[in-house]
Amino acid sequence: MMLTLIVFGLLLSGCLAWFADNKVLLGIKLQAKWLSLLAVLVLSCCFLLLVYCSEKNFQQLQLFARVPWIRSFNIDYALALDQLSITLIILTFFLAVICILVSWQEIQKKTGFYYFNLLATFAGILGVFCAVDMFLFFFFWEVMLLPMTAIIAVWGHEKRYFAAVKFFIFTQVSSLLMLVAIIAMAYIHQQQTGDLSFYYQDWLMLDIKLDVAQYLMLGFFIAFAVKLPSVPVHSWLPDAHTQAPTAGSVLLAGVLLKTGAYGLIRFVIFLFPQASENFAPIAVTLAVISIIYGAKMAFAQNDFKRLVAYSSISHMGFVMLAIFSFNEIAYQGAIVTMVAHGLSSAALFALAGIIYQRVHSRNLTDMGGFWQSAPRMGGFGLAFAAAAFGLPGLANFVGEFLSLVGAFQVFPIMVIFAALGLIGSAIYAMVLFQNTFQGVPSKLVEDLSLREICICSSLLVSLIILGLYPNILLRYSFGALL
Amino acid sequence: MNPVDKVSEITLMNTEMFIVLSPILLLSFGIVLSLLLIAWQRSQKIIALFSQLILVFTLLLSMHLLSSGILSGAGVQITPLLKVDQFSYLSLSLICLSALAVISLSKQVLKSQVEVHDEYYLLILLVILGAAILVASDHFASMFLGFELLSISLVGLVGYFREQKYAVETGFKYLILSACASSFMLLGIAFIYSQTGNLSFAINSATAPWHSAPLQLFNSIGVLLLFSGIAFKLSLAPFHFWAPDVYQGAPTPITLLMATVSKIAMFTVLMKCCFAQGYYQNDHFIDVIIAVALLSMFIGNTLALKQQNIKRLMAYSSIAHFGYLLIVLVISAEQSIGFAWRSALFYLTAYLLANVAIFSIVITYEQYFSQNSTEREVCLNDWQAMFWQHRAQAVLLVFSILSLAGIPLTMGFVGKFYLFNQAVISQSWWLITGLVIGSGIGLAYYLPIIFTVFKVNSSAATHITKDNAIKAPKIFIIFLIIISFYFGVFPDSLSQYLL
Numbered sequence: 050m051m052l053t054l055i056v057f058g059l060l061l062s063g064c065l066a067w068f069a070d071n072k073v074l075l076g077i078k079l080q081a082k083w084l085s086l087l088a089v090l091v092l093s094c095c096f097l098l099l100v101y102c103s104e105k106n107f108q109q110l111q112l113f114a115r116v117p118w119i120r121s122f123n124i125d126y127a128l129a130l131d132q133l134s135i136t137l138i139i140l141t142f143f144l145a146v147i148c149i150l151v152s153w154q155e156i157q158k159k160t161g162f163y164y165f166n167l168l169a170t171f172a173g174i175l176g177v178f179c180a181v182d183m184f185l186f187f188f189f190w191e192v193m194l195l196p197m198t199a200i201i202a203v204w205g206h207e208k209r210y211f212a213a214v215k216f217f218i219f220t221q222v223s224s225l226l227m228l229v230a231i232i233a234m235a236y237i238h239q240q241q242t243g244d245l246s247f248y249y250q251d252w253l254m255l256d257i258k259l260d261v262a263q264y265l266m267l268g269f270f271i272a273f274a275v276k277l278p279s280v281p282v283h284s285w286l287p288d289a290h291t292q293a294p295t296a297g298s299v300l301l302a303g304v305l306l307k308t309g310a311y312g313l314i315r316f317v318i319f320l321f322p323q324a325s326e327n328f329a330p331i332a333v334t335l336a337v338i339s340i341i342y343g344a345k346m347a348f349a350q351n352d353f354k355r356l357v358a359y360s361s362i363s364h365m366g367f368v369m370l371a372i373f374s375f376n377e378i379a380y381q382g383a384i385v386t387m388v389a390h391g392l393s394s395a396a397l398f399a400l401a402g403i404i405y406q407r408v409h410s411r412n413l414t415d416m417g418g419f420w421q422s423a424p425r426m427g428g429f430g431l432a433f434a435a436a437a438f439g440l441p442g443l444a445n446f447v448g449e450f451l452s453l454v455g456a457f458q459v460f461p462i463m464v465i466f467a468a469l470g471l472i473g474s475a476i477y478a479m480v481l482f483q484n485t486f487q488g489v490p491s492k493l494v495e496d497l498s499l500r501e502i503c504i505c506s507s508l509l510v511s512l513i514i515l516g517l518y519p520n521i522l523l524r525y526s527f528g529a530l531l
Numbered sequence: 002m003n004p005v006d007k008v009s010e011i012t013l014m015n016t017e018m019f020i021v022l023s024p025i026l027l028l029s030f031g032i033v034l035s036l037l038l039i040a041w042q043r044s045q046k047i048i049a050l051f052s053q054l055i056l057v058f059t060l061l062l063s064m065h066l067l068s069s070g071i072l073s074g075a076g077v078q079i080t081p082l083l084k085v086d087q088f089s090y091l092s093l094s095l096i097c098l099s100a101l102a103v104i105s106l107s108k109q110v111l112k113s114q115v116e117v118h119d120e121y122y123l124l125i126l127l128v129i130l131g132a133a134i135l136v137a138s139d140h141f142a143s144m145f146l147g148f149e150l151l152s153i154s155l156v157g158l159v160g161y162f163r164e165q166k167y168a169v170e171t172g173f174k175y176l177i178l179s180a181c182a183s184s185f186m187l188l189g190i191a192f193i194y195s196q197t198g199n200l201s202f203a204i205n206s207a208t209a210p211w212h213s214a215p216l217q218l219f220n221s222i223g224v225l226l227l228f229s230g231i232a233f234k235l236s237l238a239p240f241h242f243w244a245p246d247v248y249q250g251a252p253t254p255i256t257l258l259m260a261t262v263s264k265i266a267m268f269t270v271l272m273k274c275c276f277a278q279g280y281y282q283n284d285h286f287i288d289v290i291i292a293v294a295l296l297s298m299f300i301g302n303t304l305a306l307k308q309q310n311i312k313r314l315m316a317y318s319s320i321a322h323f324g325y326l327l328i329v330l331v332i333s334a335e336q337s338i339g340f341a342w343r344s345a346l347f348y349l350t351a352y353l354l355a356n357v358a359i360f361s362i363v364i365t366y367e368q369y370f371s372q373n374s375t376e377r378e379v380c381l382n383d384w385q386a387m388f389w390q391h392r393a394q395a396v397l398l399v400f401s402i403l404s405l406a407g408i409p410l411t412m413g414f415v416g417k418f419y420l421f422n423q424a425v426i427s428q429s430w431w432l433i434t435g436l437v438i439g440s441g442i443g444l445a446y447y448l449p450i451i452f453t454v455f456k457v458n459s460s461a462a463t464h465i466t467k468d469n470a471i472k473a474p475k476i477f478i479i480f481l482i483i484i485s486f487y488f489g490v491f492p493d494s495l496s497q498y499l500l
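Listed in order, the protein sequences are those of chains A and B. Residue numbering for the first sequence follows my numbering, starting at 50 and increasing by one per position. Residue numbering for the second sequence follows my numbering, starting at 2 and increasing by one per position.
Chain A with its partners taken away, still in its complex shape:
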C-alpha cells in the first residue's frame, strides 16, 4: 500500500506541480520547482522509512501489494522489493533531487508541465524497479518513456525532435519484442499449469525447454540491451543525451540506463539461467565491443555531452560483461558499477549543463582555460573526470575492478581486451578535462553558485564514500546467483 502511495504520490505531485505553478496561495507564489523538490524529499523519506521499518528480509523479493487488475488475462497489480531494487530506487530518489536542482534555473518556459514530466518519469522508473507482474512491468516500462520523450522534445536542444523520435522508436520496437516474449511466457505457464499468469514468482517455477527459452530470452535481452545500451543498438543514446536538457541527460544516464541493467539481471538471468549461460559468450563479446567502441568514440567527440554519452556506452559495457560472467564477485561489481556510473555520469552531465548555461555551447573547441576564472568548477571537473576513468578511491574504480576480476575467471581473453577500455577512458577523461579547463583562457566564466556547489559536492561525496567504503553495497548479496 505504502509503496503504491509513493509511486502514485510522485505522479500526483507532478500533476499538482503542473496545476499549481505560478498560482498564488495564501500570499505565496507557488512554484513548480519548490513543490516538486518538496514532494521528492518527502516521498524519499517515506520510502526510507518503509524499508527501515519493515521487518522483512530483502534478500528475497518481498511482496508489498498484490491485487487483481485485469481479470480476463489474470493480470495482477503486484509490487515487491528486494535489495537490488531498493538500491536502485534510492539511487533514483537521490538523482531525482539532483535533477530538480539542475533544472532550477535552466528551465524557464512551461515550468509546470516540465516538472510534471520529470516526476512522471520518476514514477515510471520506480514502478519498473518494483513491479513483479510482467504486464505491470511492461506498463511502467512504457509509461516512463512518454514523459522522458516529452522532456527531450519540448525542452531539448536544436535537433530535439529527431532525437526524441529515435529514442522512442528504438525503445518501443525493442520492448514490443519483450511483450511478445512476455505473452509467450504467460501461455507457456498456461500449458504447464492450466492458468494464465503474468506473475514473476510463478514464472520462476516454470520449467521451459531450452530451445524455446533461448528465443524468449532473446526477446527480453534485446529490449534491455537497447536500454543499456549495448553495441549494435546503441545509436539512439548519443543523440538523446546530446539533445536532452541537462536534467534529461542526468536522468537518462543516471537511472534510465540502469533499468536496462536491472532487467538483464532480474528477468534475463533469473528467468532463463541456462539459456543465458549459453548466450553468455555472445553477450560478453558485445559487452567488450561496447567498452572499446564507446571509449574510442568518446575521445573522438567535440561535443561535451556526446563525449560523456559515449563514455556511458563504455561503462555500461562493464556492467553487461560482469552480469554475463555468472560469478559472484563480478555480479557485485556490476551493481557497484551501476550505482557509480549513475553518480559519475550524472555529475558530468550536470557539469555540462552548468558550463552550457555560461557559454551557451557544448562544443569543446569553444571552451578552455576555465580553471582560471572558475577554479571550484575546475576542481569538481577534475574529480568527476577522474571518477569516469576509474581513479582508485572513487566508486567507479571499485565497480570496474570487481567486474574485471570476477569476469577474468570465466572469460580471461575477453577481459584482457575489456581492460584496454580503461586506458581509453583515461584518454577521453583527460581530453575532456584539458579542453575545458586548461589551455588559453577563452572566456571568463562565473564560478559555481551555492546551488551548483551543493549539486556537485553531494555527488562527489557519495562517489568518495562508495569508493572508500564500498561495503555499504558489498555487504548485500542482491540475491546473488550462485
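Quick caveat, the hints were computed from the structure, so don't treat them as lab data.
Distance condition first, Cα-Cα at most 27 Å in a straight line; then the derived DSSO-like pairs of lysine-lysine:
#	chain 1	residue 1	chain 2	residue 2
1	A	Lys158	B	Lys456
2	A	Lys208	B	Lys307
3	B	Lys475	A	Lys159
4	B	Lys475	B	Lys108
5	B	Lys108	B	Lys174
6	A	Lys158	A	Lys78
7	A	Lys72	B	Lys456
Put chain B on the given structure of chain A with help from the hints.
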C-alpha cells in the same frame, strides 16, 4: 438442420425472433418515418434530431438485448438470411455510437450551408441500416444486400457537397471502384455457390469441400474474389488506392463514417463468414490473409510517413490498422474463435474512439477555416502549439494518437495486447514481426503529430488564438478523454461485456 427445415421456419417468425430483430426493424421503420417527416415538414433541425433519436433507440435496444442474455450462446437464427449473436449487436452498438458522432459533427458542418439537407441524414441512416444488415447476416445474399445498401448510400454522401473541389472526382472514384468490388464479390459468391450449392454461411464445415477433398479451383477462386471485395471496403493493400483520395475529398463527417461504420460492419461480416465457413482451416486462405495483412501494415505505415494532410494520413493509418486486425482471422483452433471476437471488438472500439476524436478535431479546424473564408484542408502544421492554446482538445488528440500508436494508458495498447495474444496463440510469427515493425514505423508519423501539438513557438501561418477559436463541445471532449483513459487502464470494465 437441413435446408428444408429452415424453409419451414421462415414462414413462422416467432416472437423471440421479432424481439431479437427489433433494433434493425426499428431502424428500418425509422427510415420510413423520416421519409414521411420530410414530406410533412422540411427542416434540418427536426430531421437531425429525429435521426439521432432513432439511433439512440437502436443503440439502447441492442444494448438491452445484449444484457438480457437472449443472445448468449450460439445466437438466434432469423430465417436463413440473418443470424444475430452478441457479437453482431456489439458491433451494431459501436456502429450506432459512431453514427451518433457523425450526425452531431455533421450538424456543425451543415450549418454553414443554405439548403435543407434532409436527404443527407436519410442517407446516413441508410448506411447504418446497410451496416446493421451486414453485421446480422448469415447468408451471402443478405451480405450482398447490406454491402450494396451501404456502398450506394455512401456514394451519395461522398460527393454530397457538389460545389467543392474534389466532390465529383471523389464520388466517381468511389462509385466505380465500389461497383467493381461488389461485382468481384458477386462473382466470387457465384463460384462458391457452384461448388457448394448453398449460400448460407453456416454450412456444415465437416462436409465442406475444402476440408476433405483437395481444394477445388473454383471454390478457392470464389473465396479469393469474395475476400477481395471485402478487402476493398476495408481498404486493405493491394486494394487501398481509393482510400486516401476518397478520405481527402469526402466531407469530413463522411470520412469518419467510412473509416468507422463501413469498416466495422465489413470486418464483422468478414469474421462471421470466415469463422462459420471454417476458412481458418484452409492453409492457402490463411497464407493469403497473412500476405495481405503484412502488405497492409507495411504500405499503410510507410505511405503515411511524410504525409502532411491529416485526412490522408488517417487513411493510410487505417490501412495499417486493418492490416493489424486481420491477425484475428488467423486462428489455430475453433476454441479461439471467442477470443478472436473479443480481440477484434476491443480493437475496433479503441480504433473507433480514436478516430471519432481525431476527426472531430479536424472538423473544428475546418470550421474555423471556412468561417475565415480561407477554405482549405487541415495540415499537420495547423496544429502547432495546440497544447498551449486549447488544453482539453490537445490532450484528447494526444490521447487518441497514442491510442492509435498503441502506447500504454490508452485503449489502443490493450487492443494491441489482444492482437499480440492472438498471434502468439496461433503462433504466427510472421504476423508478430509485421506488427512489431509496423508499430515501429507507425511511431515515426504518430510522434511528429504529438510534437507538433506541443511545439512552443507558434509561427504558423494560421495561428488560432484562444478567443476566436471554435471549440468542440467541451463535455464531449472530456467524456472521450475519460472513457479512453478508463478503458485503457481498466480494460476489464469493457471486456466483461465481450464475453
